[in-house]
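There are 2 protein chains.
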Amino acid sequence: MAAPQLADAAAASLIEFATEPSRYRHWKLAIDGVIATLTLDVQEDATLRPGYKLKLNSYDLGVDIELYDAVQRLRFEHPQVAAVIVQSGKDRVFCSGANINMLGLSSHDHKVNFCKFTNETRIGIEDSSENSRQAFVCAINGTAAGGGYELALACDEIILADDGSSSVSLPELPLLAVLPGTGGLTRLVDKRHVRHDHADYFCTISEGMRGKRAVDWRLVDQIVPRSKLEDAARARAQALAQKSDKPKDAKGIALSPLNRRIESDRIAYDYLTIELDRDNRAATFVIQGPKEAPVQDAAAIHAQGVKFWPLAIARELDDAILHLRANEGDIGTWVFRSIGNPDFVEAADRALLANANDWLVREISHYLKRTLKRVDVSSRSLIALVEQGSCFVGTLLELVMAADRSFMLNGAAEGSNLPAASIRLTEMNFGRLPIGNGLTRLQRRLFATPNKVEGMKAEIGRGIEAEEAEELGLVTFIPDDIDWEDEIRLAIEERASFSPDGLTGMEANLRFPGPETMETKIFARLSAWQNWIFQRPNAAGAEGALKLYGSGQKAKFDRRRV
Amino acid sequence: MAAPQLADAAAASLIEFATEPSRYRHWKLAIDGVIATLTLDVQEDATLRPGYKLKLNSYDLGVDIELYDAVQRLRFEHPQVAAVIVQSGKDRVFCSGANINMLGLSSHDHKVNFCKFTNETRIGIEDSSENSRQAFVCAINGTAAGGGYELALACDEIILADDGSSSVSLPELPLLAVLPGTGGLTRLVDKRHVRHDHADYFCTISEGMRGKRAVDWRLVDQIVPRSKLEDAARARAQALAQKSDKPKDAKGIALSPLNRRIESDRIAYDYLTIELDRDNRAATFVIQGPKEAPVQDAAAIHAQGVKFWPLAIARELDDAILHLRANEGDIGTWVFRSIGNPDFVEAADRALLANANDWLVREISHYLKRTLKRVDVSSRSLIALVEQGSCFVGTLLELVMAADRSFMLNGAAEGSNLPAASIRLTEMNFGRLPIGNGLTRLQRRLFATPNKVEGMKAEIGRGIEAEEAEELGLVTFIPDDIDWEDEIRLAIEERASFSPDGLTGMEANLRFPGPETMETKIFARLSAWQNWIFQRPNAAGAEGALKLYGSGQKAKFDRRRV
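Residue numbers (numbering that gives the first Met the number 0), protein chains in the order written: chain G, 0 to 561; chain B, 0 to 561.
Calculated directly from the structure, the hints in this document are not laboratory data. All the pointers check out, no bait thrown in.
Since copy identity is lost for identical chains, a pair holds within one copy or between any two.
Heads up, simulated DSS-like pairs for lysine-lysine below, C-alpha to C-alpha not over 25 Å straight-line:
| # | residue 1 | residue 2 |
| --- | --- | --- |
| 1 | K190 | K451 |
| 2 | K368 | K245 |
| 3 | K451 | K211 |
All of these numbers come straight from a predicted model, not from anything done at the bench.
The shape of chain G in the complex, shown without the other chains:
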């Protein structure tokens, strides 16, 4: 695994999202035929930052980065796996959730970013179950508290040892004055359909629940004697595996390390380069299309593996997004540009569509979808620039439609003999890459005229230049060469002048018209309330519950209801 090659000392404090099973310190991934086992056995001292210990199988972002890696590798490297058992390697504790001391020491933005990533990872587990048919069975021995139980809630089934002490709990409110914010509240009522009054009671008792009542109240699916926990989990995993359409003889592809160079103001991958303009607090993503015509049949795609352009660009974008979110908090605007042959990007989409039933191609499509969803929930302003020589086609066009604002050059730049800027729709824009709320980005753009969406299929495959793109509602502004530079510069400078918090709140509202799903409720209803609470003195103040936890002192609350 290539380490970040950052010239200066900043490299040491960078949060690194790349890892691999041989380097895991907290999780163990074991494969046995169609069943995989993910065992959480946290090393107390192997923390991401100094100042706390990961006691009682609690986690920090470093632990969750390994979980994310494991879930990704299960999908790409172990396609035969049809069910995953999640369990603890400790004797009396399953997982006690996010480490409280870590939270107490963390800045607001680190806490919020940590929650976002853990939420994405748990939604990713559900995506794997739904779309990759890798079902997750959680076997709880000991206590599953807070984020520990929330991890269980992300699984398809929860089996709890019935030993008089194993329990599930969400003690955040009584102990810490915060919410079960990693999807806990939402999944209780929206996924497991726990009655709201039962959920209310459950969330106020720090000791949690166990035994028959935990089943009756739908908190877990099954209780079994401790001695039978392993067998029961295996039995359920096998039963779920049988319902999966996973090809038993499939051979995975290796997710080999990315080729990444981090310099002070530049991050470069094979197909993606990011330039940081620190004065304007902007990062410009330059996405390079395929360098040659992409292969078109499944066998060739398998042979290329991570070199297949759609997978390569998904991995690079994914890593870049996570890196910028965690390590470049001052960079508030992301600008998307692209360079390349539009025909090759279209051909890449064609390969994905023609081989949609191949397991690997299916994974690549879903990975592109998840990566684009990360863009939507990133607290960064998004600007897309469609220029001469760009290749915003199909899947890449989603970035233009994802943007809060897009600019497309109308006509040619002075002295350029490149063709005019154009964009192109492919079938990928019509359902395979939805936003978290279930709409496609095209449906979102045409929200005022939903009946026009189907008609847009007539435009598939055709180069659409600026005036027509504006007419069709696909881009925001179409300045000509004379205005182009000024307009872009002003847009980026203006963005940098606004309150970052105000922008985050505005973007989180405007990007999600229409329906809400469990996923979007977690990123809005739940996370926004949690972020508010994270700012309130009752939780985060010097005398707040989060700060005083474990000190023996009781938090002092301002009693006014807001």
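Model the placement of chain B on the given structure of chain G, informed by the hints.
Okay, now just chain B, sitting in the frame of chain G:
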């Protein structure tokens, strides 16, 4: 209008929600046949609290209390009105929104409560249009900025004067570093279907938009020359009125002042008494059922007017909720009890159902619905107690189902010869009183088994005692006489021990499983983000934009994206 009769000096600082047109200082309500006109002409000095002036037709809570009163009276006192024109009484300004100096001076809880009430009032305007068929046409002369444009967004149609200066704008982000939080962001994309990138641009330009582009971008419905604004608004109002089913010859009923006595720890109305337990920060609502069998035919209901029990209890509950929210912020728990003859409550529901097509009865049902919705979005813990002698039937049973937790006495209290506690369903529980998300409270309770909801109709009209009520999922806990007092006491004491903020966030999540609507998105996605921003130094800190607005100093922002 009876003034609050509070013994001590606190009365002077109470926020009073009761008013009537003759006492309005900011709005004028004029009726001309089927068209009403609501004219905003704010008196700068008539502020709710000292320290600011209501310049440029800006508003504070006092202005909005009049608007709420006017919308209510239009529904009950002027049933023949089928369309309402909203306009400004000033020459160059329609409305410049919530007063910034007032916001800068307000405590966090006042800001949040103010926003909640203004949101409820605007959702009430939409409810009036949808369910009372009183359409709203907004005629904008001059600037409609921020909350001013948000008021317009709550109307069915927006007509803007095309005079080179009249404009609509949402300048909250660029000027104040906060969100257009009175539904603005949500209504732009969800109601008016403004494209998200257009909305993004629009919300970043403080000068707003006017002329043809405002129409093209769906920000307004029509532009007309200034000289024709009044005629155009009237024409649209008449056109909309013709589509209404309002009875032209209907005679309204007078919303006469409530009979209310406020004492230091007690608030008493005719059918509702509230006892405040300040040690436990709890208010106990004791609701008295009808004192005699309610009248059953429409003519008699009209003759009773505000004395008809369902309307009387709706008005008293509504006033009490608003009073407690605004004036008793330390009271974090609301306990609901009832006393009365269950047959009479059932008969009241029967009267509502049998005369559902009568305009007044329709209004009363919708008012009960809106009042119950206020309960759902109140940041107070809700506990219901079903005892011997209680009358939680039909509409009142909604309070038990609304509660975060309900207790029902199992069996009789020692020495009591009253019948055992029982509850009763009526047809009112099956659709007429939905939560903001569109589900009935019964559907919410049976969210895990939706197919059981229809079957519950078999239980209508039957007294259901504790064990069966628990079995059916209608109550949370059924302690017997031995445990009753301790359990209730502990529940209330425990609630008072938790962080008020944590409770607010938890309740706002658990109460809304399932679908979201524009209404619930405003109270969650939008309000939760806004509340977060209201806590952030970039807006509310000493150097924040909200504090420095108008001072000539520029806000200093922490540039990190969260």
